[in-house]
Amino acid sequence: MTNSLERIFDGVIDALQSSVIPAIQDESARSQAYGVLDMLRNLRPRVEWALGPLQDDVAQQLALIARIAGLTDRTALAPPAAPSDTALPSRPTAAEVEPMRDRLDEYLCEVLRWADENRSRLPAGRAEEIEAAIRDQQRARLKREVKLTAPPLFGEISRGQ
Amino acid sequence: MLDGETVTKSLAAFLGRQTGSEVAISGLRRYTVGFSWITYGFDAAWHDSTGARHEKLILRLGPPTGLFAPYRAFPQFASLKALEGSAVPVPRVYWYGEELDTFGAPFFICEKVEGEAPLPWVSEGQEAFPPATREPLAEQFVAALAAIHRFEWRGTPLETLGAGVDEASAATCEIAFWEELLDRWAFRPYPMLQWAISWLKAHRPVAPRVSLVHGDYRTGNFLERGGRITAILDWELVHLGDPLEDLGWVCMRSFRGRSPYMCHLIERARLYERYEALSGIRVDPAAITFYEAFGTFKLAVIHVGAARCFEDGRFKDLRMAALGVHLPRLIMQIEGTIEGKT
Numbered sequence: 491m492t493n494s495l496e497r498i499f500d501g502v503i504d505a506l507q508s509s510v511i512p513a514i515q516d517e518s519a520r521s522q523a524y525g526v527l528d529m530l531r532n533l534r535p536r537v538e539w540a541l542g543p544l545q546d547d548v549a550q551q552l553a554l555i556a557r558i559a560g561l562t563d564r565t566a567l568a569p570p571a572a573p574s575d576t577a578l579p580s581r582p583t584a585a586e587v588e589p590m591r592d593r594l595d596e597y598l599c600e601v602l603r604w605a606d607e608n609r610s611r612l613p614a615g616r617a618e619e620i621e622a623a624i625r626d627q628q629r630a631r632l633k634r635e636v637k638l639t640a641p642p643l644f645g646e647i648s649r650g651q
Numbered sequence: 002m003l004d005g006e007t008v009t010k011s012l013a014a015f016l017g018r019q020t021g022s023e024v025a026i027s028g029l030r031r032y033t034v035g036f037s038w039i040t041y042g043f044d045a046a047w048h049d050s051t052g053a054r055h056e057k058l059i060l061r062l063g064p065p066t067g068l069f070a071p072y073r074a075f076p077q078f079a080s081l082k083a084l085e086g087s088a089v090p091v092p093r094v095y096w097y098g099e100e101l102d103t104f105g106a107p108f109f110i111c112e113k114v115e116g117e118a119p120l121p122w123v124s125e126g127q128e129a130f131p132p133a134t135r136e137p138l139a140e141q142f143v144a145a146l147a148a149i150h151r152f153e154w155r156g157t158p159l160e161t162l163g164a165g166v167d168e169a170s171a172a173t174c175e176i177a178f179w180e181e182l183l184d185r186w187a188f189r190p191y192p193m194l195q196w197a198i199s200w201l202k203a204h205r206p207v208a209p210r211v212s213l214v215h216g217d218y219r220t221g222n223f224l225e226r227g228g229r230i231t232a233i234l235d236w237e238l239v240h241l242g243d244p245l246e247d248l249g250w251v252c253m254r255s256f257r258g259r260s261p262y263m264c265h266l267i268e269r270a271r272l273y274e275r276y277e278a279l280s281g282i283r284v285d286p287a288a289i290t291f292y293e294a295f296g297t298f299k300l301a302v303i304h305v306g307a308a309r310c311f312e313d314g315r316f317k318d319l320r321m322a323a324l325g326v327h328l329p330r331l332i333m334q335i336e337g338t339i340e341g342k343t
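Residue numbers (the numbering used here), protein chains in the order written: chain H, 491 to 651; chain S, 2 to 343.
Looking at chain H on its own, in the form it has when it is part of the complex (with noise of 0.2 Å):
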């Protein structure tokens, strides 16, 4: 997902209550709006985005991270000193996770920018194989989101109908 779970939440809330509701004839349709209102009010302070699938992508990331290291240890060229503060709570919350997470993949952008300007200056193919290991762990992760998502109603949203 690409916007906070919170903005979410307050989005279709505010959606619902001055777009939706006024706008709806039928009083008992109005009725269920207001319980789909209701319970999503209730469920806003209760949720949070799935844990499991954020300490997978830290736990990917530290291990391509280490990957990476052994794939520059020998080259004249340092590559960007990887990120030190990586631990987390031994209980961590999600929103304890998803920074970590996004720490981490701007660490990846500036490998990828570093063995991209460097190309020609490391051995050959290394820019490849390091862009190689990034990419298939990123793809991974593309999927994983890919799979859980509905197909898009772009033409319902287009129209409005």
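These aren't lab readings, by the way, just hints derived from the structure by calculation.
Incorrect hints may have been included.
If you anchor each label on the Cβ, the simulated ranges turn out as follows [as the list claims (entries may be wrong)]:
| # | chain 1 | residue 1 | chain 2 | residue 2 | range |
| --- | --- | --- | --- | --- | --- |
| 1 | H | Glu607 | S | Glu181 | 15 to 25 Å |
| 2 | S | Lys113 | H | Asp575 | 56 to 66 Å |
| 3 | H | Asp626 | S | Arg185 | 28 to 38 Å |
| 4 | H | Asp592 | S | Asp167 | 36 to 46 Å |
| 5 | S | Thr161 | H | Asp626 | 37 to 47 Å |
| 6 | S | Lys113 | H | Glu618 | 34 to 44 Å |
| 7 | S | Lys10 | H | Arg536 | 44 to 54 Å |
27 Å max Cα-Cα, derived DSS-like pairs, lysine-lysine [to be verified]:
| # | chain 1 | residue 1 | chain 2 | residue 2 |
| --- | --- | --- | --- | --- |
| 8 | S | Lys57 | H | Lys633 |
| 9 | S | Lys113 | S | Lys57 |
| 10 | S | Lys113 | S | Lys10 |
| 11 | S | Lys113 | S | Lys82 |
| 12 | S | Lys10 | S | Lys57 |
| 13 | H | Lys637 | S | Lys342 |
| 14 | S | Lys202 | S | Lys57 |
| 15 | H | Lys633 | S | Lys202 |
| 16 | S | Lys57 | S | Lys82 |
By construction, the Cβ of each residue, glycine as well, lies at the ideal position given by its N, Cα and C atoms.
Once you've looked at the hints, dock chain S against the given chain H.
Using the frame of chain H, we list chain S on its own:
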């Protein structure tokens, strides 16, 4: 943003000043299409030296909170004005303004062209058009694109749309433009997009010429009535650049799903053949692959921007968040396009 009553009053006042007559506005309707500019249809009635006038018109506003804000109306207005009377079917434009005191946003007003906008999204396995409709539409679709790219923009106000762009720099300029937007909009890092930027920079083609480029040429952005394309719409991303950029956009997976027809209209080989014949511009398949990948990258950046717009609360439209949900699919499509897997 303005409510309907305020838009109606502002329209009456603005058109009154332009026509020198009292103008009655009726039937104001906001269209749901589009995620960026806001579109209203309305009827305007007034009297001038020729007698009673009654026009169906469109008002387009670039909202200060919108995706690509701050907006300018000039590029769209100037492009439509320049193309008036050419082989490209476009709505006739009448007025535009960049100032905010009329509608609170840059705007332009044009004629309302009759027709429906077929959308590029159909259920998987379904055909968007039956063959008898598709084939003539496809020919017109390619002919209009070729006419845009053949259009002689030099010596017109369109020269200002891409100052300094030449054949060698066209792709570089576009990559830089969209990379800068990604930097501005992303609220988390995307390693796969970072890799895509490196790939695009390493594979940028030299343009066969510098043309007027529509920037969002696809099914969904033209009107059709009775088998005839009546208008090419949504010139928001118009610029000067490589004509093959538009052709790559037409070929993107996002606008055809698994259909063998680009934009649900025409098979790839036939598209290239007709485009070359009508435009006189040779199609380099490697350049099209580049621009399909670049277009998918651009679409991914737009999705990031939409999510950002929503996250910041600048735009409450929930459709923005819905776009953001589908970002992973698009990012995978960039890689798939580069590797020839689409």
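Holds or violated: Lys202(S) with Lys57(S), Cα cutoff 27 Å?
violated, 46 Å
Quick check on a hinted range of 44 to 54 Å for Lys10(S) and Arg536(H), using CB atoms only.
holds, 46 Å
For the pair supplied as a hint, Lys633(H) and Lys202(S), confirm whether the alpha-carbon distance does not exceed 27 Å.
Distance ~26 Å between Lys633(H) and Lys202(S) Cα, so the pair holds.
Can the restraint linking Lys637(H) and Lys342(S) be considered satisfied, given a maximum Cα separation of 27 Å?
holds, 18 Å
CB-CB spacing for Asp575(H) and Lys113(S) relative to the 56 to 66 Å hint
Holds, since Lys113(S) and Asp575(H) (Cβ atoms, about 59 Å apart) stay within the stated range.
Just to be sure I understand the hint, the distance between the Cβ atoms of Asp592(H) and Asp167(S) should be within 36 to 46 Å; is that true here?
Given range 36 to 46 Å: holds, Cβ gap about 39 Å.
Is Lys57(S) within 27 Å of Lys633(H), Cα to Cα?
violated, 48 Å
So if I understand the rule, the pair passes when the alpha-carbon distance is 27 Å or less; does Lys113(S) with Lys57(S) pass?
holds, 5 Å
Decide if the proposed pair is consistent with the structure: Lys113(S) and Lys82(S), CA atoms, cutoff 27 Å inclusive.
holds, 15 Å
Restraint check for Lys10(S) with Lys57(S), where alpha carbons must lie at most 27 Å apart
holds, 17 Å
Would the hint linking Lys57(S) and Lys82(S) be met if the CA-CA limit is 27 Å?
holds, 18 Å
Taking the beta carbons of Lys113(S) and Glu618(H), is their distance inside 34 to 44 Å?
With Cβ atoms ~54 Å apart, the hint is violated.
In summary, the structure is inconsistent with hints 6, 8, 14 from the numbered list given earlier, while agreeing with the others.
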